[in-house]
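Asks: Here is what each chain is made of, one letter per residue.
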Amino acid sequence: MTDVAKNPTVAGNDDSEGMDYLMTRRTRWVTVYLPLSVIVFILLFPFYWMTLTALKPNAELLDMNTTSPLWVADPTLSHILHVILETDYPIWMWNTMLVSVVATFISLVASVLAAYAIVRIRYKGAQWVGGLIFLAYLVPPSILFIPLSVIVHAYGLFDTPMALILTYPTILIPFSTWLLMGYFKTIPYELEECALMDGASRTQILMKIVLPLAVPGLISAGIFSFTLCWNEFIYALTFISTTSNKTVPVAMLSEFVDGDIYRWGSLMAGALLGSLPVAILYSFFVEHYVSSMTGAVKE
Amino acid sequence: MAESTLRSGTAEIPTPGLWSRLVHDRNWLGFWFMMPAAAILILFLTYPLGLGIWLSMTDASIGNPGKFIGLLNFYDKECYGPGDCELYGLFGDTVFWQSVWQTIFYTTFASVVKFAVGLYLALLLNNHMPFKAILRALILLPFIVPTVLSAIAFWWIYDAQFSIISWGLTKLGLIDVYIDFLGDPWNARWSLIFANIWRGVPFVAITLLAGLQTVPASLYEAATLDGANRWQMFRHVTFPVLTPIIAVVMTFSVLFTFTDFQLIWAITRGGPANATHLMATLSYQRAILGGNMGEGAAISTAMIPFLLAAIMVSWFGLQRRKWQQGETDD
Amino acid sequence: MDKKFTRRSVLKGTAATVAGAALVSSDFMDWSSAWAADAPFKPEAGAKLQVLRWKRFIQSEEDAFMEQVAAFTKATGIEVEVLNESLDDVQPKASVAVNVGSGPDLIWGYYSLPHLFPNKCTDLTDLADYLGGKYGGWVPAAETYGKSDDKWIGIPVCFGGNYINYRNSAIEKAGFKEVPQDLDGFLALCQGLKAGGMPAGMALGHATGDANAWVHWALWAHDAAMVDENDKVILNTPEAVAACEYVKKLYDAYIPGTASWNDGSNNKAFLAGEVGLTNNGISIYQKALVDGLDIKDDMDHAYYPVGPVGVPTEFHIAYPMLVPTYTKFPNAAKAFMAFLMEAEQYNRWLEGSVAYLTHSLNAFNDNPIWTSDPKRKIFAEAANRTLVAGYKGSVGQKSASAISEFIVVDMFANVATGQMSAKEAVADATKKARRIYR
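Sequences listed follow chains X, D and C, in order.
So the first sequence is numbered by our numbering: it starts at 1 and just counts up by one.
So the second sequence is numbered by our numbering: it starts at 1 and just counts up by one.
So the third sequence is numbered by our numbering: it starts at 1 and just counts up by one.
Worth double-checking, as some hints may not be accurate.
[As the list claims (entries may be wrong)] Far from chain D, some chain X residues (derived; all Cβ distances over 10 angstroms): (1) Pro-35; (2) Ser-78; (3) Glu-287.
[Claimed, not checked] Now the stretches of chain D that chain C is said to cover, found in silico as 3 or more residues with beta-carbon under 8 angstroms: (4) 60 to 73; (5) 84 to 94; (6) 160 to 174; (7) 180 to 187; (8) 266 to 276; (9) 289 to 298.
Bear in mind the hints are in silico, worked out from the structure with no lab data behind them.
We put the beta carbon where it would ideally sit given N, CA and C, even for glycine.
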């Protein structure tokens with residue numbers, strides 16, 4: 001519906017356009033900005049709390065009387081500096097990045113091919129294969145990691161980044177495939193038929209026509225995959241042993257929880273440091289949604 | 001799944017050479033395209049999935065493969081005397097049944113809210129507004145922060161003594177006793193559901209936002225010319241185009257909520273008094289901490305019918321839609 | 001900070017190991033080399049060891065541990081890599097390692113970990129006999145945790161004491177000079193603390209360490225138990241109901257919300273001055289000392305009161321170390337443990353652990369740490385006073401299941417939070433216990 005607002009050249013004196021016109025300013029505050037602020041506030045408050053915790057000196061952490069817990073009276077960078085300079089955080093970050101990027105890449109390639117084959121090539125049994133793929137989710141990771149560890153060990157991958165790079169796609173591929181199938185279906189078939197007539201190969205069609213049109217889907221699948229790798233805990237805990245091979249979530253927990261004493265500042269600093277760059281990175285991708293929509297589909 | 005693709009040889013292409021058949025034949029082509037995904041899934045998952053189900057029918061413990069005991073992990077009955085019989089196995093296990101209801105409740109409630117709020121947020125974000133890019137990235141933050149760490153943050157936000165929420169409400173004069181977020185069974189359930197929704201909404205919203213971009217503007221133009229109002233446009237233009245994506249995202253959301261582990265484990269560990277145990281956490285507790293692999297595997301096997309149902313609903317929903325579009329003729 | 005870097009580098013490899021060893025005094029090195037020369041266990045040629053341990057609760061304990069590791073490497077030439085995981089994550093890692101038959105050569109976990117897979121643990125009887133013979137014998141609990149039938153499958157390297165922590169000012173305000181050693185007096189103290197505005201609080205959530213420690217004390221103190229000597233469930237007794245009713249009264253005197261507490265909650269609340277009494281290891285006191293908090297002068301530790309049963313019924317964590325059968329270097333692993341527990345090292349380590357850990361061999365009763373600070377004194381007896389998981393029954397997989405299921409914790413939590421009456425809760429817990437002990 002907003003495409004209408006965005007595109008005033010869709011000249012029309014009809015109700016809808018007129019409504020949009022009236023809606024400007026005051027109504028917009030009520031229907032858009034107000035609900036949006038409420039949701040954003042709720043979504044970001046825990047995050048604000050984490051930021052505060054990362055900046056609070058230890059003395060202020062548990063003090064709810066002399067200073068307001070909603071603010072930092074005497075902010076300190078010591079937790080953040082501690083995490084960056086005095087731990088292996090940069091290495092963990094690198095490991096996490098490496099694993100996430102490679103696993104995401106593998107998953108996306110595999111999923112694009114599979115989704116395209118199921119939706120467009122439609123070989124015999126494609127429908128069933130599409131359903132079968134999702135069976136990968138039937139046994140939850142919280143118990144699957146035990147039998148899976150046998151496989152990982154048998155392939156000689158234990159305690160290497162490859163153990164994660166190759167097992168994460170098992171969680172990522174089914175979902176990404178289905179998601180991309182959804183997006184591929186929205187692309188008009190006529191475009192491909194024309195290209196096929198012109199003698200283009202399937203691979204060419206996929207690369208030149210389908211993928212550019214499915215960019216929002218690719219971004220969604222990519223964000224999903226990357227974040228899941230980024231977050232994963234059980235496999236990362238059990239398949240990796242050496243401290244220098246660990247990923248951020250696992251390493252943070254073993255480094256900053258001293259038995260029953262939580263080092264709050266450092267824990268939260270680590271969580272923030274890892275998340276902000278990713279958020280900024282995502283902001284570029286997400287912004288791409290709109291600009292990626294070439295005229296082909298719309299007009 | 002490889003086998004079905006191997007049976008190639010439709011008669012569409014008149015007897016081409018082997019190479020061109022391998023490259024052009026629809027079934028062979030499908031096979032090549034499916035290869036990478038199939039290879040990873042088959043190489044890594046067939047054995048573990050099979051073993052997972054097999055273990056549920058054994059009395060295996062850690063490091064001990066155990067022996068086949070049939071369905072005794074699920075249903076067993078022992079009589080100590082006439083009329084003094086007790087049910088064992090999961091069937092007679094009150095904690096198991098409790099975890100089943102809690103899992104269903106947790107999943108249903110969290111998924112419905114995630115969908116509703118996610119869709120609403122996607123529609124809101126699809127408006128033009130200042131700082132759109134930054135806003136969209138910020139929205140994703142709850143999804144990005146590693147779950148274990150955000151769970152720890154929530155644990156603190158819900159703390160019995162140091163909860164910022166209780167503090168705020170006290171200062172506002174709304175309550176005078178701190179809320180026992182995680183110590184009361186229902187409070188604990190709602191608190192965890194909220195944390196799960198908090199984590200899940202951003203992804204649903206962003207994916208649906210991406211879906212909104214694929215709605216052809218021409219459809220809106222046509223609808224506008226037909227004099228459709230906003231709700232009608234949403235109902236008859238936006239929603240149908242979004243359906244496949246909604247189906248996929250919600251299937252995913254249901255599956256991952258149903259098997260949620262990290263959040264619960266980090267915040268309550270199933271407490272107070274098992275009030276927040278989900279099937280996944282219970283199976284982990286029994287198998288790994290209690291050393292009872294067979295029973296743990298039985299619990300995760302018991303999840304399969306639910307997961308299968310979620311997958312089927314979504315899959316057949318998608319299929320139906322395909323027929324509607326008349327794509328099957330080809 | 002220097003120390004920290006050293007510890008870190010030790011983890012990383014040989015070059016740094018030398019730097020780590022440099023910290024160790026030369027006398028000690030001489031002794032180490034001499035020890036290695038006639039070590040009771042001859043390591044395999046070219047042995048390398050990987051040790052999986054729980055992440056330290058006390059920094060100085062870990063420093064002392066790493067010093068010994070460095071000395072061991074220097075003396076024997078065996079490289080040792082130490083992997084740290086938080087206490088609760090040791091078990092999944094150990095499970096995976098034992099399941100695939102590959103992983104760390106030594107695993108250091110808690111409670112009855114070796115009994116979860118007794119067939120997969122190397123027989124350590126020779127080592128246990130050697131150490132026991134040399135150092136005045138094992139405490140009874142160590143023997144129970146270490147042995148499966150007649151075979152030692154783990155070495156209970158130490159115990160972690162868990163005692164009453166209290167604020168002197170708070171109990172004085174409540175009208176007490178010290179923590180009463182009987183149940184009624186203790187309840188009166190908790191009620192007095194509440195009246196004084198600084199209530200007690202003990203974890204009643206799913207907290208592995210703290211919750212299990214005090215609820216088992218309360219159960220056993222009333223002369224109730226989950227099972228008898230033959231592992232027959234005998235929980236459903238009037239004594240257990242009395243225990244539930246007692247805990248309910250305690251809970252009502254506690255600070256609100258303890259049903260949600262985990263192992264870290266009481267540390268936080270105690271340090272922040274929200275509670276005046278809790279149960280914990282020495283980590284709260286140590287944190288107060290290290291951070292220079294005023295609270296250090298206004299707190300002390302006390303034994304748990306003794307109930308109608310007439311004997312102490314404390315329940316402290318055991319930390320057994322085991323050698324999985326898949327290891328290629330069982331002798332090197334034994335040599336490592338022997339080295340660790342020889343008086344020359346073990347004494348230093350105990351000092352480094354500032355009473356967080358208690359020795360399991362009687363000869364270490366006179367370690368200077370136990371007299372260094374009167375507030376640490378009672379922790380010396382933790383290993384001797386503790387009962388074991390399973391109490392009168394076996395210490396094997398079933399008792400581990402019962403603990404991991406939090407059956408006793410939940411029984412009390414159900415009564416305390418008003419979900420069930422004492423009778424119902426006991427019946428419910430009995431049913432759960434029967435399922436496990438079938």
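Asks: Work down the list of hints and note, for each, if the structure agrees.
Replies: Structure-based check of each hint:
| no. | hint | in the structure |
| --- | --- | --- |
| 1 | Pro-35 | violated, 6 angstroms |
| 2 | Ser-78 | holds, 19 angstroms |
| 3 | Glu-287 | violated, 4 angstroms |
| 4 | 60 to 73 | holds (count 4) |
| 5 | 84 to 94 | holds (count 5) |
| 6 | 160 to 174 | holds (count 3) |
| 7 | 180 to 187 | holds (count 6) |
| 8 | 266 to 276 | holds (count 7) |
| 9 | 289 to 298 | holds (count 4) |
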